[in-house]
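Enquirer: Letter by letter, the chains look like this.
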Amino acid sequence: MNILLCCAAGMSTSLLVQRMEQAAREKGITAKIWAVSADEVKKHIGQADVLLLGPQVRYKLAEMKKEGDARGIPVDVIQAMDYGTLNGKNVLEFAMGLKK
Amino acid sequence: MGGFITFLENRVMPVAGRIAEQKHLQAIRDGIILTLPLLIIGSLFLIIGFLPIPGYNEFMSSTFGENWLTKLLYPVNATFDIMALIVSFGVAYRLAEKYKVDPLSAGAISVAAFLLATPYKTMFMPEGASAAVEVGGVIPVALMGSQGLFVAMLLAIISTEIYRKIIQKNIVITMPPGVPPAVSRSFVALIPAFVVLLVVWLLRILLENTSFESIHNIVSDLLAVPLNALGGSLIGAIIAVLLVHMLWAVGLHGAAIVGGVLGPIWLSLMDQNRAAFQANPNGELPNVITQQFFDLWIYAGGSGATLALVVLMLMRAKSQQMKNIGRLSIAPGLFNINEPVTFGMPIVMNPLLIIPFILAPVVLVIISYFAMATGLVAKPSGVAVPWTTPLIISGYLATGGKISGMVLQAFNFIVSLIIYYPFFRMWDKKKLAEEQTDSATQNSDHSLTM
Chain C
1 MNILLCCAAG MSTSLLVQRM EQAAREKGIT AKIWAVSADE VKKHIGQADV
51 LLLGPQVRYK LAEMKKEGDA RGIPVDVIQA MDYGTLNGKN VLEFAMGLKK
Chain P
101 MGGFITFLEN RVMPVAGRIA EQKHLQAIRD GIILTLPLLI IGSLFLIIGF
151 LPIPGYNEFM SSTFGENWLT KLLYPVNATF DIMALIVSFG VAYRLAEKYK
201 VDPLSAGAIS VAAFLLATPY KTMFMPEGAS AAVEVGGVIP VALMGSQGLF
251 VAMLLAIIST EIYRKIIQKN IVITMPPGVP PAVSRSFVAL IPAFVVLLVV
301 WLLRILLENT SFESIHNIVS DLLAVPLNAL GGSLIGAIIA VLLVHMLWAV
351 GLHGAAIVGG VLGPIWLSLM DQNRAAFQAN PNGELPNVIT QQFFDLWIYA
401 GGSGATLALV VLMLMRAKSQ QMKNIGRLSI APGLFNINEP VTFGMPIVMN
451 PLLIIPFILA PVVLVIISYF AMATGLVAKP SGVAVPWTTP LIISGYLATG
501 GKISGMVLQA FNFIVSLIIY YPFFRMWDKK KLAEEQTDSA TQNSDHSLTM
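For the record, the sequence lines run as chains C and P. For the first sequence, this note's numbering assigns the number 1 to the initial residue and increments by one for each residue that follows. For the second sequence, this note's numbering assigns the number 101 to the initial residue and increments by one for each residue that follows.
Since the hints were derived computationally from the structure, they do not count as laboratory data. Hints are supplied without guarantee of correctness; some may be wrong.
To be verified - Derived lysine-lysine pairs resembling PhoX-like cross-links, with alpha carbons at most 20 Å apart:
1. P/Lys171 x P/Lys123
2. C/Lys66 x C/Lys89
3. C/Lys65 x P/Lys200
4. C/Lys66 x C/Lys99
5. C/Lys65 x P/Lys198
6. P/Lys531 x C/Lys42
7. C/Lys43 x P/Lys423
8. P/Lys123 x C/Lys43
9. C/Lys43 x P/Lys198
10. C/Lys65 x P/Lys423
11. P/Lys123 x P/Lys265
12. C/Lys27 x C/Lys43
13. P/Lys530 x C/Lys66
14. C/Lys42 x C/Lys27
15. P/Lys198 x C/Lys42
16. C/Lys43 x C/Lys65
17. P/Lys423 x P/Lys265
18. P/Lys269 x P/Lys200
19. C/Lys89 x C/Lys99
20. P/Lys418 x P/Lys265
21. C/Lys42 x C/Lys89
22. P/Lys171 x P/Lys269
23. C/Lys42 x P/Lys123
24. P/Lys423 x P/Lys269
25. P/Lys200 x P/Lys265
26. C/Lys66 x P/Lys198
27. C/Lys66 x P/Lys200
28. C/Lys42 x C/Lys66
To be verified - The following label-pair restraints were derived from C-beta to C-beta distances:
29. C/Leu61 x P/Thr474: 18 to 24 Å
30. P/Ile318 x C/Glu67: 34 to 40 Å
31. P/Val279 x C/Lys32: 42 to 48 Å
32. C/His44 x P/Asn157: 28 to 34 Å
33. P/Val238 x C/Lys99: 35 to 41 Å
34. C/Lys99 x P/Gly383: 16 to 22 Å
35. P/Asn157 x C/Lys32: 49 to 55 Å
36. C/Glu67 x P/Pro276: 45 to 51 Å
37. C/Lys27 x P/Thr474: 33 to 39 Å
38. C/Leu61 x P/Asn157: 38 to 44 Å
Note that this is a predicted model, so its numbers are computed, not measured. C-beta: ideal position from N, C-alpha, C; glycine also.
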């Protein structure tokens, strides 16, 4: 599955990407996970199955949801604590739960 | 303090959200981002041109010839000096994208509108002459750079608004059936482009008959000069920093939201310094407050100057949780990324840690402002050092190679360390107590099952 992450500059979400990839490997899941800045989301959302926002850009949720709904892609905000502690396993499970 | 957080959540956050989502401000911010890679590359050439090594100038002249500096700075002229031109295209492009109309046409029309507002003349001082003469038939480079920034942004918005309104009302030239679709598409932009240029043309003719003489002058007098004065003042900087950190206190990206509004001001202040620095690297620079002032002297480790806090966690933490956050945060923190601290420690929604998180940057703004305004420390030279550049290196580069820039960063780091220390101790103690009770209950559970 393809998981797209987004924050203001795509910097801090890229930290989380590494952790999520590691969690996916441990679970034996093939997943493409990548992070972009908020203004690049439109270019990438087409390839994603799920879009997750960093909590610091949660004010963009309404706008991003509109983009997601148009393509049938679930969009949600990552839990602040999972985000801060870079808990790749939890965020991966969260993303997979959204997809179902 | 709990009431303060509720106030931020209920009052500040919705307003900030609306501002951050405002189409035009978003387009301005995203359009300006287009210039940043160019400015960083231009800065690289600036830094090489003005390396503060004794005998450097003589060495370069003897190796590459007398005109080495002029030649080296060609890329600066094609990056910094066309900032407004790029912004004119970028803002229109991003705004058109949001309205789902053709962004490429909107960008092209916006550039034409911007140039239509610009008189094709410049002042030129011939060698040996006593007064400058006006030369026609040239695009004035000065107005293509930061001096033209506000005109470029305004016209990009006006022209794209006209463009999309006409397209959305479907007032276009319709071609008879049988004409290839590609041909009819090329006519679609015709009417809106005509209206845009007509409006700007009339505006220019009108203003040429007033004392303002040009669109550039009226925007500069009524908008750019007052905004720059406000954004470049100490009080303006304190208010900006307060807003940024109050937004972060509720977990919103304050720097992105506030920077979206004030970014153009800090960018043009930065470029004023750059022009002065390029003319004379050892001369007096006009502004203290620029984009780099915040990025490099205030936000060490990320918003809230949290690098000091991370170092405290690494060296002084007793609780396992703070030790872990410290280890997790130090590598990104060196590059001024601090989400593991703000969300992991957490600072967000944490009444205790919000106090130093807001206090430290405000104190640093005041210290840094006076250090630079009094001449004790070199001002930012207008070199666009990326905000991810680590401490000390960034202070050296951003002042055009002045040791004082590094010293102030080190001093600020110690100040933030002192401000964070008592709050860090309290929080660490609380976490440690929680961990001890947790393990105590686990032990008693264990004994029960035995």
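Enquirer: So which hints don't hold here, by number, going up?
Expert: 1, 2, 6, 7, 10, 12, 13, 14, 17, 20, 21, 22, 24, 29, 32, 33, 34, 36, 37, 38
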